[in-house]
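**Student:** Sequences listed follow chains A and B, in order. Sequential numbering of the first sequence, starting at 0, is according to numbering that gives the first Met the number 0. Sequential numbering of the second sequence, starting at 0, is according to numbering that gives the first Met the number 0.
If you are wondering where the hints come from, they were derived from the structure by calculation, not from laboratory data. Mixed in with the good hints, there may be bad ones.
[Stated by the list, open to error] Beta-carbon label-pair distances, calculated as ranges: (1) A:Asp172 <-> B:Asp21: 37 to 45 Å; (2) A:Asn274 <-> B:Pro38: 48 to 56 Å; (3) B:Glu39 <-> A:Pro423: 50 to 58 Å; (4) B:Asp21 <-> A:Arg112: 41 to 49 Å; (5) A:Gly189 <-> B:Pro53: 33 to 41 Å.
We put the CB at the ideal spot given by N, CA and C, even for glycine.
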Amino acid sequence: MAGELRDGRIVVVGASLAGLRAAETLREEGFTGSLTVVGDEPYPPYDRPPLSKQVLIGGVPADTTGLPTRRDPDADWRLGVAATGLDLLERRVLLADGESLPYDRVLIATGTRARPWPDAGEAALDGVFTLRTRDDASGLAERLDAGPGRVLVIGAGFTGSEIASACRERGLDVTVAERGPAPLVGALGGTLSQLAAVMHRGHGVDLRCGVTVTALLGDGNERFVGADLSDGTRVEADVCVVALGAVRNVEWLADSGLAAGARGIACDAGCRAFNMYGIVTDDVFVAGDVSRFPHPLFGYQMLSLEHWGNAVAQAEVAAHNMINPGPLQRPHLAVPTFWSTQFGLNIKSVGVPTYSDHVVIAQGSLEARRLAVVYGYRGRVTAAVTVDMAKSLDYYRHLIETAAPFPPPPGAADRAIAADVPIPSDVPDPKGLSHEPVVALTGHLPDRRLMVVQPTR
Amino acid sequence: MQIVVDLTRCQGYAQCVFLSPDVFQLHGQEGLLYAPSVPEDQVQRVRQAVAACPVQAILAGEEVAAGGG
Chain A
0 MAGELRDGRI
10 VVVGASLAGL
20 RAAETLREEG
30 FTGSLTVVGD
40 EPYPPYDRPP
50 LSKQVLIGGV
60 PADTTGLPTR
70 RDPDADWRLG
80 VAATGLDLLE
90 RRVLLADGES
100 LPYDRVLIAT
110 GTRARPWPDA
120 GEAALDGVFT
130 LRTRDDASGL
140 AERLDAGPGR
150 VLVIGAGFTG
160 SEIASACRER
170 GLDVTVAERG
180 PAPLVGALGG
190 TLSQLAAVMH
200 RGHGVDLRCG
210 VTVTALLGDG
220 NERFVGADLS
230 DGTRVEADVC
240 VVALGAVRNV
250 EWLADSGLAA
260 GARGIACDAG
270 CRAFNMYGIV
280 TDDVFVAGDV
290 SRFPHPLFGY
300 QMLSLEHWGN
310 AVAQAEVAAH
320 NMINPGPLQR
330 PHLAVPTFWS
340 TQFGLNIKSV
350 GVPTYSDHVV
360 IAQGSLEARR
370 LAVVYGYRGR
380 VTAAVTVDMA
390 KSLDYYRHLI
400 ETAAPFPPPP
410 GAADRAIAAD
420 VPIPSDVPDP
430 KGLSHEPVVA
440 LTGHLPDRRL
450 MVVQPTR
Chain B
0 MQIVVDLTRC
10 QGYAQCVFLS
20 PDVFQLHGQE
30 GLLYAPSVPE
40 DQVQRVRQAV
50 AACPVQAILA
60 GEEVAAGGG
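Just chain A, same shape as in the assembly (with noise of 0.2 Å):
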């Protein structure tokens, strides 16, 4: 059975990081079958991360952050061509083209995509970007080299912040309109929010939190020039950057039967997605962005994550997964980690702060803006952020693997008093925030029975 697992046909939708590191994984395996991999942008796989950083500051083109290949996967590309749909039971992948493509099995790794702004005309202004595709990022960065009076950046989560960052560092006027009390609290809590929001005032930045942007304005000739604020006050602005976080690419899959919703395709800790009925299916695998996923660590809740190395840890189980029997099948249980860089400040998480209910400065202070933050939950270590201290991460990552005990026990030199204080952890509830969580917990609480299927037609 190993050996017929290796050969067939499979297809994997979505070209960007999951889907390459897939299907370099199914070669590097001894899958010898057919594989095709299908992408609605018109490249090759590339790197995201640097279009926020990088690319904007200037000196990396944005079309150059290509990922390199660990091998050529021998991969038929279909590159600029959107899947539309998935039949379950005649086994096809549609293509927007009219093509259909047979599998034994899919992968489908269709990521996100960003949120935009909700009113199309105003989204439609000469000068409003939204930021997720190279073509995004070449658009803004040419607009930024022109020198803008100021820009507006929507939305204080990662990507709005390393936008702001970004244009601070080409000395540009930024504002930063968020709904929430302060920047990356959604994903960090209080405690971290508030350096954050410092950085933000320090390097310059005109940071607004507690406002929502009510109107994008238009000078007549569909140009953007400034923005109405919840507050009563306007930014005249030759930019804007909506940051409101993102939206999983499903819209495909509404007719497939699979469990895909706003929150991505539910899958179990194998990679196999779930159909609308909770049962598992067998060859039909998720990873990356627009996977949902259920990791023992954090209750069992079903994560949906947008980080990095989750896409590459996720695409390689899927693939080792896709191609051996039952038994020898792994489980994807990486701990979540990202990073962020911003403001000069390199920020790194592991676990999943928002699944906490209270904080300890473990190492360093807030003063220092050099400090690791523990996080727990119910007396457990749940997750750790670390700013300007990569080097400590690991070890915590190792207490959250064990389950340690939260406040965790001594095990820095430089072990502080706030290590033994713990604080709420103040995380609040995503509604409030501009952008969309970057770590989604998407348990269902059971006294909520309902489910209801729409169908589209």
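Fit chain B to the given chain A structure using the hints.
**Tutor:** For chain B alone, coordinates are given in the frame of chain A:
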């Protein structure tokens, strides 16, 4: 040559910055920024950086040949 650094793994040892400062730069104390597309005259230095990285976080290679087919 294209490179990608697994910044989940990177711990800011900055060996790459010493070996190939035209490609790798620190942003602040330990945030690493780099040029993903390596200029021809830096390839040898980047190979050294790949080998020297204490956490083996740098992957160098070529983009996929995605001409279809």
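**Student:** Determine for every hint whether it applies to the structure shown.
**Tutor:** Evaluated hints:
no.	hint	result
1	A:Asp172 <-> B:Asp21: 37 to 45 Å	violated (31 Å)
2	A:Asn274 <-> B:Pro38: 48 to 56 Å	holds (50 Å)
3	B:Glu39 <-> A:Pro423: 50 to 58 Å	holds (54 Å)
4	B:Asp21 <-> A:Arg112: 41 to 49 Å	violated (34 Å)
5	A:Gly189 <-> B:Pro53: 33 to 41 Å	holds (34 Å)
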